[in-house]
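Undergrad: Sequence:
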Amino acid sequence: MADASVDLLSAACAHLTGRAEDRSAATALDDWDVEDWRAALLDVPLDERAYADRFTVTRADEMDALWAWWTDPGSGPHDTRVSPATGGYLGFLLLTLISMHRSDRMRYHGESYASGEIAGRTPDELCTELVADPRVQQALERLYAPPETDAEACRVWATIDFATMAFHRHGTTSVIVTVDSAAPAVGRASHHALKCLIYPYLRIPAIVKATRDYRRDFGGVRPEGSPLVTVWASHDSWVLMDFVPGRTLTDHLAALAKGRKDPRSEIGRPVDIRQLRVLGTALLDAMAVLAADVGHHNDLTPSNIIVQTEHDATVKIRLIDLGVNFLHTRSLVGAESRESVYVAPEVKTTGTGGHRADLYSVGMVLIAIGGIPHSAPGTVPDQFYVASVGLARLLEDLVDADPRQRLLVSGIDPGPGRFTEIRDLFAREIEVLEAAESERPTSRYQRLKNALPGAGAVERQRKIWKVRRRQAEATDAAAHPVQAHHLRQAKSLKRWAIACSWMSWITVALVLTWWSRDLDLFWQAKWVEYANAFLNRSGDGIPLLDDVRAADYPIPDAWDNLPVRIVALTYALPGMRLYMNVFADMTPHSALRRRGWKSVRTAAASFMMRASAVYPTVYILLPTLVQRKWWVICCPLGIITVATMISACLWFARDANARARAWNGGKGLSTVPKGEIPTLERLASWAPAAWLYALPVVIIGIFLYSDRLQDELMYAIAIGLINIGIWYFKNTGTDAPYVRAGLTRAILAAERLDVLEARAKRRVPGPRAERPVQEAVA
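Counting from 71, one number per residue, gives the positions in the sequence shown under the numbering used here.
Because the hints were derived from the structure by calculation, they are not lab data. For glycine and all other residues, C-beta sits at the position ideal for the given N, C-alpha and C. Watch out, some of these pointers could steer you wrong.
So the derived label-pair ranges between C-beta atoms look like this [as the list claims (entries may be wrong)]:
#, residue 1, residue 2, range
1, Leu-783, Gly-803, 22 to 30 angstroms
2, Asp-494, Asp-117, 44 to 52 angstroms
3, Ala-130, His-261, 33 to 41 angstroms
4, Gly-485, Leu-326, 30 to 38 angstroms
5, Pro-486, Arg-829, 17 to 25 angstroms
6, Ala-362, His-444, 23 to 31 angstroms
7, His-444, Arg-778, 56 to 64 angstroms
Using the sequences provided together with the hints, build the complete structure.
TA: As structure tokens, then:
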């Protein structure tokens with residue numbers, strides 16, 4: 071072996087790039103054999119500062135200078151000062167420096183894969199040219215060749231046609247190239263991915279061991295349609311596997327994001343139901359295969375998921391780079407990457423994964439597929455609570471920061487078949503979202519029409535109810551009691567929503583009909599004629615409804631009836647929206663019985679939520695149909711009822727959040743954020759306004775009813791403006807998603823606490839890990 075060292079190599083680079091005059095260092099490189107190059111490359115400093123301190127030149131400047139030398143027609147691999155073989159090794163050195171630089175920028179500076187330039191070009195462009203050079207290909211073949219003692223690795227290595235080598239992409243500690251097989255004995259496919267460790271990282275024993283054992287831990291011949299990749303061989307410095315065409319989920323989601331419009335408000339960002347159906351289901355199918363064949367992934371991030379698009383509605387998911395990332399095993403230092411949000415907290419803390427760590431990663435990936443930015447670790451973004459209580463419950467059950475609290479309330483066994491059950495439950499929730507989305511208005515006219523209760527609102531609730539009914543009938547209550555309970559609960563809530571939409575429709579229709587009669591625009595509908603004939607009545611009145619009207623309540627009487635019509639209509643519209651936009655599909659009740667004050671709070675909140683769809687109809691129809699003067703009584707009663715409803719919901723939600731934060735000695739549930747919850751504070755802001763509003767309305771109502779005041783119309787107009795301006799457009803409009811999200815989060819937190827408290831009383835031990843955890847090849 072020659073006197074090889076990285077210092078001599080640096081001196082040679084300084085001469086070749088014009089920084090030094092010493093020619094001897096460059097000529098000495100021609101005497102090096104492959105072992106000399108290996109020794110020098112292993113000694114390259116791992117970080118930027120160490121490189122600059124040792125060689126008195128920054129790594130960035132070295133790369134720029136080497137690239138200028140490499141691309142100079144008079145030098146580079148054609149430089150007469152070095153042999154062609156040495157030129158190939160120097161090209162490999164530049165490839166190594168570029169790969170280390172990109173790894174450092176991503177690990178320490180949080181840069182994305184696509185960011186950064188070297189010599190005015192992207193790292194991928196530079197590496198593509200370098201790997202395409204035959205001299206670099208030969209250098210790589212020699213440097214990574216396994217020793218003769220590893221017969222299996224040598225056999226596979228001999229089948230590779232290195233002349234077909236092409237750069238693919240960088241990993242955290244690796245360079246990935248594609249190669250063709252010179253002999254079909256390497257497997258079914260002739261096109262392979264060769265993952266080569268960046269040479270200086272071969273100094274780290276844990277990384278070398280994980281690479282050497284990769285085939286043993288994650289290898290095996292996979293069927294054609296398997297989401298897992300066949301690994302043919304692995305050695306200390308490389309892994310050979312089938313090449314998986316397609317782009318990473320990171321790139322796929324970035325392309326989807328470019329096509330989406332920014333919402334007017336972040337809470338209004340729609341969940342991408344279509345991508346959840348296509349990508350989410352495919353991901354869960356892939357995870358079910360992985361759980362059955364391998365056990366765990368432990369580093370499931372979008373960059374380790376390959377998306378293969380067959381057509382618009384079908385994709386295939388392939389999973390790569392199994393095992394805990396070296397950053398989390400502490401084999402490699404660096405700051406948290408952008409994709410660390412997908413890594414389970416226990417993996418970050420201990421460097422070990424497990425069968426529950428993948429649950430967390432799957433949940434976080436599903437959130438990303440839904441097109442929603444991530445919130446704090448261990449929490450579900452507010453948009454999912456707005457979209458679906460069932461989907462939010464499932465996501466909470468996946469991303470809880472405590473692994474022992476995952477799959478807590480979904481009724482899914484955390485055993486090997488967990489992802490199959492998750493997929494089935496996930497598919498049910500997506501089916502409900504699709505049913506709701508199919509009836510959602512798209513044009514401005516449809517949205518305006520949907521603002522009033524009508525046949526469309528009824529049909530939308532009915533369509534969702536039919537889906538829930540079918541799902542409940544298809545679920546085996548004995549095998550899945552928790553899921554059956556949730557489906558029965560959802561079905562009954564949707565049945566109530568149908569009834570409420572009918573009540574709202576009828577209420578508004580009657581108010582408008584009575585107003586049209588006051589304006590002498592009333593037409594004799596056929597059903598009125600038939601009813602009069604059936605009851606043997608004469609005249610144009612409406613049977614039964616006109617019979618209950620007080621004798622001193624004339625119709626038509628447009629001017630004197632105007633106050634009651636204004637108040638009735640402006641209460642009916644926000645009353646309908648309050649239930650449909652906030653309380654539909656949610657209930658504070660859970661599958662487990664509560665006792666004491668928890669039971670009282672639950673009953674109070676539940677009663678007021680369900681009553682919010684009934685009391686507007688009662689308070690509106692009594693003065694509309696029976697006695698118009700009652701509006702000055704029903705108006706303050708309605709406001710007091712609303713204020714009581716708000717207080718009851720806050721009473722329940724604040725208690726649930728407080729108990730969730732105090733759980734387990736103050737560790738709390740991660741699904742409930744620390745500090746103030748802005749979504750729930752929207753509801754809290756309603757309470758003082760409602761009680762303050764109720765006070766003058768009650769006082770003025772008493773004076774109006776006792777004929778102490780005469781300005782009924784002005785009072786009615788003022789109430790109407792407040793109802794429309796504040797309750798219709800703000801509270802039940804722009805504020806509704808926030809309130810829905812805040813209440814749903816508290817309801818699900820209370821549900822999780824019920825199970826945890828019951829488990830603590832029984833002291834049921836958690837399940838054991840299924841298989842030992844393996845490290846990844848990054």
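Undergrad: Indicate, hint by hint, whether the structure satisfies it.
TA: Outcome of the hint check:
Distance hint check for Leu-783 and Gly-803: the Cβ-Cβ separation is about 26 angstroms, which falls inside the suggested range of 22 to 30 angstroms. Under the hint 44 to 52 angstroms, the C-beta atoms of Asp-494 and Asp-117, about 48 angstroms apart, fit the expected range. The given range of 33 to 41 angstroms is respected by Ala-130 and His-261, whose C-beta atoms sit roughly 34 angstroms from each other. Remark: the range hint 30 to 38 angstroms for Gly-485 to Leu-326 is upheld by a beta-carbon distance near 33 angstroms.
With their beta carbons about 22 angstroms apart, Pro-486 and Arg-829 fall inside the hinted range of 17 to 25 angstroms. The hinted range of 23 to 31 angstroms is satisfied by Ala-362 and His-444, whose Cβ atoms lie roughly 29 angstroms apart. Distance hint for His-444 and Arg-778: a CB-CB separation of about 59 angstroms, consistent with the stated range 56 to 64 angstroms.
Against the hints set out earlier in the document, no violation occurs for any number.
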